[in-house]
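Protein chains in written order, with our numbering: chain A, 8 to 175; chain B, 2 to 290.
Treat the hints with caution; some may be incorrect.
Unchecked claim - Here are the computed distance ranges between Cβ atoms for each label pair:
| # | chain 1 | residue 1 | chain 2 | residue 2 | range |
| --- | --- | --- | --- | --- | --- |
| 1 | B | 33 | A | 158 | 41 to 51 Å |
| 2 | A | 139 | B | 44 | 53 to 63 Å |
| 3 | A | 151 | B | 248 | 37 to 47 Å |
| 4 | B | 117 | A | 8 | 28 to 38 Å |
| 5 | A | 10 | B | 8 | 20 to 30 Å |
Since the hints were made in silico from the structure, they are not lab data.
Just so you know, even glycine gets a beta-carbon here, dropped at the ideal spot from N, CA and C.
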Amino acid sequence: MVRYLILALLPFLALFLQSTFFAAFKLGGAVPDLVLIFVAFYALMNSAGKGAVYGFFCGLLEDLYTGRFVGMNAISKALVAYLVGRYQVNVFKENIFVGVGTVAVATLLNSVILFAVSLGMSEVFHVDSGVLTTVIYQILYNSILSVPLYLWYYNSAKSGWLRYNGER
Amino acid sequence: MLRLLKNWYFWLLVLLLVGALFLMSHTATNRENLSPVERIIREAYTPMQRGVSSFKTRVGSWNDIFSGKGDLQREIDELHKENQRLSLENQFLREYRHEVDRLRILVGFEESNQDHLELLPARVIARSPGNWYHYLVIDRGLRDGLRKGMTVMHPSGLVGRVENVSNTSAQISLLTDRETAVGATVEETRDTSGIVEGMGNSRELRMINIPYYSQIKKGNRIVTSGLSISYPQGIYIGKVTSVIRESNGLLLTATVQPAVNFDRLEEVLVVTGFNREGSTSVSEAIEED
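The following block holds chain A by itself, in its conformation from the complex (with noise of 0.2 Å):
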């Protein structure tokens, strides 16, 4: 029940966190995606199908609160996380390194996502070299702040609150 209860905590939390700390402290002009760092850890941890759908839900929860284009969040973290799971089984997840390529690939893979439904929903979307620039410091933000956040998932995951079996 606990496990149930972080996993929605931490979204919400995270999107507290991206909107009032994170958006004062950008690097290169670039807020960091928690949200997708902790979808991208679920699907590593879990499997291609329950990390889509916690990427979905995780999604709509920044679509909603964004209130434009609802589901374009949805879908990105879903088919990230759909990709992370698919490879997940063939990795080491005990090594760190694993863990911040994973969320350096999700971040950039979650940005074509974006930039693609963007450009087909939108009537206006003026686009430049700035975009580019501004997914590479989200990708070195967000692959700084996973050394932190990877340790403490994953040793939650293997032994804390957030183990899969005999649910506390």
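Please build the complex by placing chain B on the supplied structure of chain A, with the hints as guidance.
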């Protein structure tokens, strides 16, 4: 393939993705109001965001932490000088204003917009949690009389407009948002009209659709033209930093440095009413729009 089709997660995902596409198509266009679910989520966040906005005011940003006492002293000195210069300028302007008022009465002109802006101060409590949209959340909402489409400004210039409203908060689309476009003109000459649009970064705007014969040049001040009915006329947007000719040769494009420092906005002013050809409230103007 068959195994995939038997997996119930697969069908659940297909269902969710179709649902998301349906939701997107219904929320892509301009909506008048937020859905009840969106309002509940916004209302849940607002009290917490109000609480931490004061923390942000105290701590500032990376720059504030790493800038030394010397930098701050230099900034204070510069502001002090600017304050003296502006006070002096203000004295002259007050004289001019009285003169203009007298002349207006003589000619029988209506008073200008700026004399009739009804402004409601608001505090910035949160910002966009992502990089694709640029917006602010302020601590005023429906209960304070805010409506979608109202103009938001700062003493230094135009900030943006109200995108959607919940009971206790409102989301403000910034001028720098990729989806924002405002009718604008050159303050000095008033002979050039164009559209100022956001580029997705807080340091640069772009003014497009400027006719090739325009006299626009670097250093010109850009203000709202008033052609867009929901923005009052004459609000300062920014300064032209460069002008280039489009490849078709018929139009010019100017880069504009915004007057407002969007990264450091703490308080804004919402224009809840302004005088437009007589007396019109913003909500009436929006309905006309």
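Each hint tested on the structure:
1. Range check, residue 33 (chain B) to residue 158 (chain A): Cβ separation about 47 Å, and the 41 to 51 Å hint holds.
2. A beta carbon spacing of about 36 Å between residue 139 (chain A) and residue 44 (chain B) contradicts the range 53 to 63 Å that was offered as a hint.
3. Separation of residue 151 (chain A) from residue 248 (chain B) is about 41 Å and conforms to the stated range, judged on CB atoms against 37 to 47 Å.
4. Evaluation of the 28 to 38 Å hint for residue 117 (chain B) and residue 8 (chain A) yields a failure: the beta carbon distance comes to about 59 Å.
5. At roughly 23 Å, the beta-carbon separation of residue 10 (chain A) and residue 8 (chain B) lies within the given 20 to 30 Å, and the hint holds.
Going through the hint list in order, the structure does not satisfy hints 2 and 4.
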